[in-house]
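Trainee: Letter by letter, the chains look like this.
Protein chains: 2
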Amino acid sequence: MADDSQIRIGVLSCTNIVRKVSRAINLAPNATVAAIASISNSIEEMKSFAASNNFPPTAKIHGSYESLLEDPDVDAVYFPIPASLHVEWAVRAAQKGKHILLDKPVALSVYEFDQIVEACEANGIQFMDGTQWIHNPRTAKIKEFLTDPASFGQLKTVQSCFSFAANENFLKKDIRVKPGLDGLGALGDAGWYTIQASLLANSFRLPKTVTALPGHVLNDAGIVLSCGALLDWEEGVTATIYCSFLANVTMEITAIGTKRTLRVHDFVIPFQETEASFTTSTTDCLSEHKTMNEIPQEACMVIEFARLVGEIKNRGAKPDGFWLSFSRKTQVIVDAVKESLHNNLERVLVSGR
Amino acid sequence: MADDSQIRIGVLSCTNIVRKVSRAINLAPNATVAAIASISNSIEEMKSFAASNNFPPTAKIHGSYESLLEDPDVDAVYFPIPASLHVEWAVRAAQKGKHILLDKPVALSVYEFDQIVEACEANGIQFMDGTQWIHNPRTAKIKEFLTDPASFGQLKTVQSCFSFAANENFLKKDIRVKPGLDGLGALGDAGWYTIQASLLANSFRLPKTVTALPGHVLNDAGIVLSCGALLDWEEGVTATIYCSFLANVTMEITAIGTKRTLRVHDFVIPFQETEASFTTSTTDCLSEHKTMNEIPQEACMVIEFARLVGEIKNRGAKPDGFWLSFSRKTQVIVDAVKESLHNNLERVLVSGR
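Chains as they are written, first to last, in the UniProt record's numbering: chain B, 1 to 353; chain U, 1 to 353.
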C-alpha cells in the first residue's frame, strides 16, 4: 500500500520515457506509481513492464485510459502521449479531478492548450509540463545569477540551442515527425527547451515579437526538422533559439549581461546525473559553479509536482498557477515561430497573447 | 639597418594598436619597423613614441602620410586609421607600390573597397586586413577540424558572438561610434570578427542571404551599438552573429556539425598569449584541443604578411589574392547587414555580389 502522504500517480503507456519517469516517481519520497494504462499493450505486457520497472505491487493495471481516470486511488496522471491527444485526455483527466503532469509540447496550439487551461481552472487541478531541467537545482542557481543586477548586470542576449542527430528510423517513424501525432517536430520538442531557457532568462516575460530565421528544414510532410528564431524584448534585449533533429547533440545556453556572461553546455540533460555546473565570466575571471542534487532532475520534478498536489489534497490549497502560465507562454512562442515560418518569416507580434 | 631579408613596414599614427602591432613587427623575424608618420603628433612626440616602443634606431619619422608613402625604404604600410580614410590612403599607397596591411573594417562599403581592390590588382600589391585571430595556429586547427567530414560531419550551424561593454567615454568619443570616422559601429568592429568566423566555418563561401535581426541598438547618430544577423547557405546551413558594444566581453564560436560540436570561448583574443584551446564534443565525449604559439597571434599575422610581400619583392611572385577576397566577402556581408537594418530587417540576397 502507498504511504498515505504519498501522491498516487497513474502513468500512460509502456514507453521509454515512462521507464524514466516511473523511476523518478519511485525515487520521490512523496509520490508513488499507483496505476498504469496502455492502449497498445496487453494486460500481460503491462504487468511485465510494471515488474521490470519496480512499480509497487499495489500498482493497478488498467486496460484503458478511461478506466485509469475513473480510479479513485489515482491522484494525478503522467501523460507521455502524442501531443495530438493531449486536449482530449488532459481535459477528461481534469474533469475527473486528476492532477496533470503533461509532456511537452503541451498541445498543438495555444487554442488547444486554452481548453486544458480552462478545464484545470474549473476543476482546481494542478498542472505542470514534464520539462525536467527546470527542476534541477542548477537551474535555480542559474536563475538567481541571471536576475542579480549586482553580478550579472542587465541581460542583453541569451542564445540557446538544443540539437541531436536523429537516426534514420527516428526521422521516418518517430511521433515527433508525424503530422498526425506530435506535429510540431523539432520546434515542439527540442525547441520547447530553448524557448523555456529564453523565458527563464527574461524573468518569464513574453517577448514583444518572435521571428523565425531563414534556413529552416522541413520534412516532406511539412514538419520542422530544424529551425531557429529570434525573440525580442524592449531595449534591444534578444534571445536566439536553435533546435534541430539534424545536428550533433548540443545543449547550450549563453547568456550575456552587461557585467558577466553565463555558459551552460548541458542544460537539458546534465552530463552527470547528480552533479551539474555552469560558468560565469568577466574580462579577467572565469568561475565554475557546481550544484549537487542527490536525486536526478526528473525526480526533483516529481517531488515538486507531488508537493503541490499534496498541498491541494491535504491542506485545501489552490493550484500553483505558475506552471500553467509558463507552459502557455512557451506554447505562445511555439505558435508564433510556426506562424512566422508559414508567413515567409514575417515578424509576429506576441505581446498580449 | 634592417636585415636585407626583412620587410620594411611603415606605420601610421601613435595609437595603442600601433604599440601592439609594432611590438608584433619587432617579434617577427622577417619584418622590421622602418618608418612612422602621424598627422596628429609632432616630430618630437613621434620620436618619443618610437623610442618607448623599441622601434629600430633606423626607423624614420615622417611629418605626413605622403612623405612616408614616398619613402623608398618602406615596402609596406600598416594602416590603423579611421575607415573613412581607407580608400584615399590605401589607393595612394598601392599607387606608390606599397603593400598594405589595413585594419578592419577595410572600408565603409564594398563600393569603396573595390577601389582598393582595383588599385592593388593594378599595382601588384599584397593586401591583408589586420584581423589577428585568423593567424593564430589555433585557427588553422579549427579550420582543419571543421572541414573534416570524418570527425565533424557537415556543418549545420555556426553561432558566433563578440561583445564588450564599452565605457561611457568610448560610447561618446571613440572613432567607432562616429558617423564621419568608423561609421559602421559595432558591426564593422566586433561584427567583422564574427562574420569572418562564419565564413571560415563555411570554407569562405558567401552565404545566399543575410538578414539583420530585430533588437538592434543604434546611437543618436544612427551608428550600430549592438546587432545580430542570420546568414544562410544552401540546405539549411546557417550562421548567427551577434556583435555589441553594450554587453560583457564574450568571444564565442559554437559550430555544430552532424557528428561533433566545436566550442571556442576566446576566439578573438585568446585568454593566454602563447597558448590557446578549443573543445569538441559528441554525445559521450568532450575533448580539449590545445595549440601553442611561440609568439602572439599578431606577430603570426605580421610574419605571414611579410612572407607574402617577400615572395613578391625577392622572387617575383604574384600577390596572394585570398586576403583581398576574404576581406571583400566580409565587407559584402557587413554591407548586407547594414542594408537589412535600413530596410526594415528585410532579407538581402548576397550570392554573386
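Errors might be hidden in some of the hints.
Copies of the same chain are indistinguishable here, so a pair counts whether it falls within one copy or spans any two.
Claimed, not checked - Distance condition first, Cα-Cα at most 20 Å in a straight line; then the derived DMTMM-like pairs of lysine to aspartate or glutamate:
(1) 208 with 346
(2) 178 with 273
(3) 178 with 4
(4) 208 with 339
(5) 259 with 168
(6) 290 with 71
(7) 96 with 144
(8) 60 with 44
(9) 172 with 235
(10) 208 with 73
(11) 329 with 4
(12) 96 with 234
No lab work stands behind these hints: they were computed from the structure. Please read all numbers here as calculations on a predicted model, not as lab measurements.
Trainee: Now tell me if each hint is right for this structure.
Mentor: These are the hints, each one checked on the structure:
Taking the closest pair of Cα atoms, residue 208 and residue 346 come within 20 Å of each other both inside a single copy (14 Å) and across two copies (19 Å). Neither within a single protomer nor between protomers do residue 178 and residue 273 lie at most 20 Å apart by alpha-carbon distance, with minima of 31 Å and 51 Å respectively. Taking the shortest Cα distances, residue 178 and residue 4 never come within 20 Å of each other, neither inside one copy (41 Å) nor across copies (71 Å). In this homomeric assembly, residue 208 and residue 339 come within 20 Å of each other (Cα to Cα) only inside a single copy, at 15 Å, whereas the closest approach across copies is 23 Å.
Taking CA atoms no more than 20 Å apart as the test, residue 259 paired with residue 168 passes between copies only; the shortest distance there is 14 Å, against 44 Å inside one copy. For a Cα distance limit of 20 Å, the shortest separation of residue 290 from residue 71 qualifies neither inside one copy, at 43 Å, nor across copies, at 60 Å. In this assembly of identical chains, the alpha carbons of residue 96 and residue 144 never lie at most 20 Å apart, being 38 Å within a copy and 60 Å across copies at closest. In this homomeric assembly, residue 60 and residue 44 come within 20 Å of each other (Cα to Cα) only inside a single copy, at 12 Å, whereas the closest approach across copies is 93 Å.
Only between protomers do residue 172 and residue 235 lie at most 20 Å apart by alpha-carbon distance; the minimum there is 19 Å, versus 43 Å within a single protomer. Proximity of residue 208 to residue 73 under the C-alpha cut-off of 20 Å is found in neither arrangement, the shortest distances being 44 Å within a copy and 60 Å between copies. Taking the closest pair of Cα atoms, residue 329 and residue 4 never come within 20 Å of each other, the shortest separation being 35 Å inside a single copy and 69 Å across copies. In this assembly of identical chains, the alpha carbons of residue 96 and residue 234 never lie at most 20 Å apart, being 42 Å within a copy and 51 Å across copies at closest.
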